[in-house]
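S.K.: Note that my numbering numbers the sequence shown so that position 104 is 592, with each residue one more than the last.
Careful, some of the hints might be misleading.
With a straight-line Cα cutoff of 25 Å, these simulated SDA-like cross-link-like pairs (lysine to any residue) come out [claimed, not checked]:
1. K526 with E544
2. K542 with Q522
3. K542 with R585
4. K542 with W504
5. K576 with T543
6. K526 with V587
7. K526 with G549
These aren't lab readings, by the way, just hints derived from the structure by calculation.
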Amino acid sequence: MSRESSFWCRSFPRLWSWLIALLGLPLLYFLMIQNHQKPIENDLAARVGGDLSKTEMGLAGLDVGVQGRDVLLNGRLPGEEERDLALKLAGDVDGVRRVDFLGALGPLAAPE
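Sequences are here, hints too, so could you generate the full structure?
M.R.: In structure tokens:
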């Protein structure tokens, strides 16, 4: 047996087998992240939405968008107190890194 061949594929030199293995690890990491990112984002959005809907201050109507671990709240809130409460509640959810509010402040429209 030649000392220059790899332990798992005798037709490749040892250097090539290590290069293939090292290039395959980032590809494997990328595929694993892509496979698990959406379920994690959906779970985070559901938990943030659940916490917002538990309050009695009208925060249940906010749209919750998640990208990675960043949460984006969108909608209309009556004032700054409600906005600050929504930002605090969303930020307190385990796994949230950053919370932004991209909505409007002002009186809510009466339902017709």
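S.K.: Now look at each hint and say whether the structure bears it out.
M.R.: Status of each hint after checking the structure:
| no. | hint | verdict |
| --- | --- | --- |
| 1 | K526 with E544 | violated (30 Å) |
| 2 | K542 with Q522 | violated (32 Å) |
| 3 | K542 with R585 | holds (21 Å) |
| 4 | K542 with W504 | violated (58 Å) |
| 5 | K576 with T543 | holds (12 Å) |
| 6 | K526 with V587 | holds (18 Å) |
| 7 | K526 with G549 | holds (23 Å) |
Hint compliance for this structure: hints 1, 2 and 4 are broken, all remaining hints hold.
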